[in-house]
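Participant: Just so you know, the sequence shown maps onto residues -19 to -1, 1 to 139 in mature numbering (1 follows the signal peptide of the UniProt record, and there is no 0).
For the record, the hints were derived by calculation from the structure and aren't laboratory data. Please note: incorrect hints may appear among the correct ones.
Unchecked claim - Straight-line alpha carbon distances no greater than 25 Å define the calculated SDA-like cross-link-like pairs of lysine to any residue that follow:
1) Lys40 - Thr125
2) Lys29 - Val7
3) Lys40 - Asp113
4) Lys91 - Arg13
5) Lys114 - Met92
6) Lys114 - Arg130
7) Lys40 - Met103
8) Lys91 - Thr105
9) Lys29 - Lys91
10) Lys40 - Gly8
11) Lys40 - Arg90
12) Lys20 - Ala66
13) Lys29 - Pro49
14) Lys20 - Arg130
15) Lys114 - Ile35
16) Lys91 - Met103
17) Lys20 - Glu126
18) Lys114 - Val26
19) Lys91 - Asp123
20) Lys40 - Thr59
21) Lys40 - Asp97
22) Lys29 - Met103
23) Lys29 - Ala43
24) Lys40 - Ala87
25) Lys114 - Ser95
26) Lys20 - Ser99
27) Lys91 - Glu41
As the list claims (entries may be wrong) - Cβ pair distances, simulated, as ranges:
28) Gln16 - Ala44: 34 to 44 Å
29) Tyr48 - Leu112: 24 to 34 Å
30) Lys20 - Asp109: 34 to 44 Å
31) Glu50 - Ala100: 13 to 23 Å
32) Lys40 - Lys114: 30 to 40 Å
Here a beta-carbon is modelled for each residue, glycine too, at the ideal position from N, C-alpha and C.
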Amino acid sequence: MRTFLALALLLLSAACSHAKVSRGLVGAALTRFEQCGLKISQMRVYEKVPDDIIREHYKEHAARSFYPELVESMTSGTVVAVEVAATFSSSSSADAQQLRGSNAVARVRKMLGSTDPSAAEMGTFRADYGLDKTRNFMHASDSTESSAREVNLWIRGG
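Turn these sequences into a full structure, and let the hints guide you.
Facilitator: In structure tokens form, the structure reads like this:
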């Protein structure tokens, strides 16, 4: 039996960050993840997110009508980037390949709820703390591939 690690990236977004910090919501959010068996493996705080990180992270949305508002939201204050990890054991390498990454990503996304806070299930982060579709409290990786790219960009600086 081997133990494997799966990763996902969270971004506590700028639009709400000062209120979250002053109301103690960053710690409360991280505690909720830990209570659900996820581990905070790395964290980085950006007082102002560099433009190149924002452009790279949201490059697939650059032509979309909501892009300027999204960039404004993410550059309007502090952003907390958090790498969360889930560990699991498996005796099968095939199982491990299938579960690696998707385990953490799926768990995190379920806890976040719908991108639209008004449609999010009660008890999810976005239902509890989100303001609207753009200021929905938190971003999370949507796939194993995105997670690897986003963790490298936001946490490891590359």
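Participant: Against this structure, judge whether each hint is valid.
Facilitator: How the hints compare with the structure:
| no. | hint | in the structure |
| --- | --- | --- |
| 1 | Lys40 - Thr125 | holds (18 Å) |
| 2 | Lys29 - Val7 | holds (17 Å) |
| 3 | Lys40 - Asp113 | holds (21 Å) |
| 4 | Lys91 - Arg13 | holds (13 Å) |
| 5 | Lys114 - Met92 | holds (16 Å) |
| 6 | Lys114 - Arg130 | holds (23 Å) |
| 7 | Lys40 - Met103 | violated (31 Å) |
| 8 | Lys91 - Thr105 | holds (8 Å) |
| 9 | Lys29 - Lys91 | violated (28 Å) |
| 10 | Lys40 - Gly8 | violated (30 Å) |
| 11 | Lys40 - Arg90 | holds (21 Å) |
| 12 | Lys20 - Ala66 | holds (5 Å) |
| 13 | Lys29 - Pro49 | holds (17 Å) |
| 14 | Lys20 - Arg130 | holds (19 Å) |
| 15 | Lys114 - Ile35 | holds (18 Å) |
| 16 | Lys91 - Met103 | holds (12 Å) |
| 17 | Lys20 - Glu126 | holds (20 Å) |
| 18 | Lys114 - Val26 | holds (23 Å) |
| 19 | Lys91 - Asp123 | holds (11 Å) |
| 20 | Lys40 - Thr59 | holds (21 Å) |
| 21 | Lys40 - Asp97 | holds (21 Å) |
| 22 | Lys29 - Met103 | violated (31 Å) |
| 23 | Lys29 - Ala43 | holds (20 Å) |
| 24 | Lys40 - Ala87 | holds (23 Å) |
| 25 | Lys114 - Ser95 | holds (9 Å) |
| 26 | Lys20 - Ser99 | violated (28 Å) |
| 27 | Lys91 - Glu41 | holds (23 Å) |
| 28 | Gln16 - Ala44: 34 to 44 Å | holds (40 Å) |
| 29 | Tyr48 - Leu112: 24 to 34 Å | violated (19 Å) |
| 30 | Lys20 - Asp109: 34 to 44 Å | violated (22 Å) |
| 31 | Glu50 - Ala100: 13 to 23 Å | holds (19 Å) |
| 32 | Lys40 - Lys114: 30 to 40 Å | violated (19 Å) |
Going down the numbered hints, you'll see the structure goes against 7, 9, 10, 22, 26, 29, 30 and 32, while the others check out.
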